[in-house]
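Below, each chain spelled out in residue letters.
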Amino acid sequence: MDILTVESLYKTYGEGNTKVEALINVSFSVKKGEFVSVIGPSGSGKSTLLNMIGALDYPTSGKVSIDGRDVYKMKEEELSVFRRRNIGFIFQAYNLVPELSVEENIVLPILLDYKKPDERYIDELLDILGLKDRRRHLPGQLSGGQQQRAAIGRALATKPAIILADEPTGNLDSKNSRDVINLLKLSVERYSQTLVMITHNQNYAAYADRVLSVEDGVVSQLGGNPQ
Amino acid sequence: MNVYLDISKRYLAAHKKRTGLSVLSITLSVALVVGIFSMLDVLLKFEKIQVIHDYGNYHILVKNATEAEKKAVSGRIDVKNTGTLFSFRSGSINGDKCDILSVQKNFAPNMSMKLLKGTYAQAENELMIEDWAAEKLGAGVGDTVSFAFGDKKEKPFKVSGIFADYGDTKATGEPGVTVSLKAAEKAEVEKKCWYLIEFKDRADIRKAERQIKDSLGITEDRIARNDHLLAVIGQSDHKAAVGLYQVGAILFLIVLIAGVVMIYNTFHISVMERMRSFGLLRCVGASKKQIGRIVKKEGFLLLRWAIPGGVLLGMAATLFCSALLKYYNGYMFSAIPLFTVSPVGILSGVAAGVLTVAAATLLPAKKAARVSPVSAATGNGEIRIRKAKSEGFLTKHLPVETAMGVGNAVARKKTLVLMSASIAFSIIMFLGFQVFVDFMHTSLKTTKPYTPDVSLMSEEGLSPDLYERVSGLPGVKRAYSRMFGYINAEFDASLLTDEYKKAVGNVKINADGTLSSPEKSWLISYDKNQLKWAGTDLVEGSLSEDKLNNENGVIAVVQNVRKGVSYQAAQFHTGDRVFIDTASGKKAYTVLAVLRSVPFSDSNLNLATFITTEKLYTEITGDRTFKIIDVQLKKAGRTETVDKIKSLAVDNIKFLDSRQKNSEMNQTFLTMAVFIYGFVVVIALISILNIISTMNTSVTSKMKYLGVLRAVGMSGRQLDRMIAAEASAYCALGAASGCVLGVLLQKALIKGLLTSIKIVWVFPLAQVLCVFAVSYLVTRLSVLGPLRKIKSAGITETLGSLQ
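Just so you know, the protein sequences line up as chains A and B, in that order.
The first sequence finishes on residue 227 if you use my numbering, and the numbering steps up by one all the way, no holes.
The second sequence finishes on residue 803 if you use my numbering, and the numbering steps up by one all the way, no holes.
The hints are all genuine.
Label pairs and their computed distance ranges (CB to CB):
(1) Met272/B / Asp118/A: 33 to 39 Å
(2) Asp133/A / Leu781/B: 43 to 49 Å
(3) Gly20/B / Glu124/A: 37 to 43 Å
(4) Ser42/A / Leu398/B: 33 to 39 Å
(5) Lys73/A / Ala316/B: 58 to 64 Å
(6) Asp133/A / Gly20/B: 31 to 37 Å
(7) Met74/A / Val341/B: 51 to 57 Å
(8) Leu781/B / Lys73/A: 52 to 58 Å
(9) Gly716/B / Tyr72/A: 46 to 52 Å
(10) Met74/A / Met272/B: 27 to 33 Å
(11) Leu362/B / Tyr72/A: 24 to 30 Å
(12) Met272/B / Glu215/A: 37 to 43 Å
To give a feel for the contact side, a few chain A residues facing chain B, derived at Cβ under 10 Å:
(13) Asp57
(14) Val81
(15) Pro109
(16) Asp113
If you are wondering where the hints come from, they were derived from the structure by calculation, not from laboratory data.
For each residue, glycine too, the CB sits at the ideal point set by N, CA and C.
Pulled out of the complex, with its shape left as it was, chain A reads as follows:
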């Protein structure tokens, strides 16, 4: 079952001489539970693609469906709710709320949905992420690796349909990077999550079920087998 479908996606910035085609006719789909990595050089359009999938930005034309719903057809309020329930983001710069503790950062999307966090699930997440001892710490008191693990926890908290990770290891050293990738892989398997991850690193891309390459706005499949 396809959880994500991207159809004929175009994104153009500027006009005339300054016109830049960031994405050109991108079409692909991702099945539930699949781990897809996206690689490509700087400025190739990877992040633009991820922003389009997460409906953080709007394409020039084309369609993105998550769990069968066209994200660009939703109204603002509806989209916010959809995003908080169905999409989990992991950023290169972690982007945790500095005033909230690790645990509070993780449960934030659940609270935004006016729901009570499932304490057992959160405990389990903290355990898997190795942050049980750090649950009351503020982001500023954690190492980069720990902060990124907290960000993964936040993305997993609402058990979303898809997790979008933009260079999650970009700010980390190699050991921490490996840990994070392993953790992502483990989470995907354990909770049958779907993951689309942008990375520079060919080695980490290899952890994925499938690798997509982006070059000058054009997406092509490099390897792996669609499940």
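Guided by the hints, dock chain B onto chain A, whose structure is given.
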């Protein structure tokens, strides 16, 4: 954290310094509104007591009321007290001229009459006298005096009681005598009979007056109003009172707006600096509404601290003013508690705070909600790229750091508008409230440099020799004399006001357009000192003794007193010609100056009042003797000096003691001055604190940006210059627009609403200069603290401070 809205609480707790600054700013704004409104509320309470003391505690009066009318009025549910008052033309007591009154016993306290000894005059042959008069006449309770009404028919009267001195009668030297109501009723002389009515506190006096007039068929000319008291309780239709109400309403509206702008500004700064955080929340699924709610919650959390603080501060300002007045005159203001709680003031402050925060959070919330999640996630847009155009222009003409500072201020238009508007509003308030100061100085008489403590006066004239003797007394600080008399003065009939023509009836006009004077004019001589002192009342022209002498000049006085009412007979301007009958024939004189008023009035009916030098006065009238010698006393040995001066008052020379009247006038002035200056001081202080707090917040909010600049090589001195340039841009725009609008407001208020009381608007140069200097200094000083902090902190520390 149980709900997402707790983020607000966590944010405020995590950023204590910034939260503190925001709370301080809002506290100050709330304090401003509470302080000003409470002070106004309490001022009116004090003023009411003052006005009752000065003018009597009655609201309206009915002339020559019949018994049936009295019964109907006193039976009304909204009437608190009524009483009959008779007033007579001067009579005599033991041969001395005296003022005569008669007040119904139950209404005597309303007229500030306080019996010191004996009993209230009841029988037909009973009267009461003032304490000072009893001493002068050597009469006590139970003694018999020879008393006559204006008909000069002397009869023996028994002194039944002695009441406290009235400053006015003491100053004129004519004792006040209160005869019994029976005596007043029986007296067959010219008398005025007034039925005084005091309404209950919450009565609608205008409506009650209409009902009384309609139901009893009382005509308008039989009704008179105590306009001063009505004005203080907000129920006057008098032109001057309505003008003041309007000025008040406009100024208080400005205070409200200023409070709103200040709170809004604080909020705007606090929200704008966190746009990225809001964007991140949007990424993790917060809706626009939720962001709005977070901002709003934060606002109300700030208010939880700011409102009690602001209310307490505002009340403290009011308490200070009340305490000052009670300390100065505990006796008169004993009825007002020291801790006066003003529900009006507190409610308006709280309402201003809550409503402003509710409204102020709307816009930032919208803006926050508009933040693109992409830019938040990637961190782009954190440091905005400004338009190259303005920066390029500035960098060409200014050093780069100054250009960046100005560019920073100009680029963020909304911040620029809000920062400068909050400075501008402070200035507008300051300049606007100066109108009250002008009003107070013009309309409330107080002891001026020329106010005498005691005077010697004689219709027959006082010799220059007596003047020398008085001046030479050791306890005399200053003695100055005036001559005055009546002259025939003619001038262009077109200068006469309608008010005068209506009062006098037919005015004959000569063939050359001058009027054939139906009445004489009052001419007064001034010496050099008195001319100098008159400068405070100068409307146009100049007051030089030499110029007046050389150019045959006179000074015209705008306000004249006719039958106890101040009015304007003619509209003189400098250059107008006045033809005066002198000892050597009719001569032309030129008006070289116009004064608003003179500090004394004449009971005779005059056409106009003119002032000239002693030399010209003698030329015109041929008279060299003084009519009055005014004396100001030194502080030490007053009683002995007064006794010595009194001993000089022999034959036809009258001794006048103005000291009590002066102190009462000072009291009247002080009651208002404490509050008016209180307003101005509160506004000035809060404005200064507001500038400090907003500048501080503005710099603190840019810590990271400033850290980046230091990281790329900006030196501490360059940083200083950049911030100074930015602060100066806010200050210059704020001060300039504040001064322009403030001056225009001042001009509009004075010209539009207060011309009836002859307040002249002049460009407030000193105030404007002062405003510029103070706002510049305050702005520069206010950025020093945060700058020092930035410079002392490590660059990485600053950069990390907003992570």
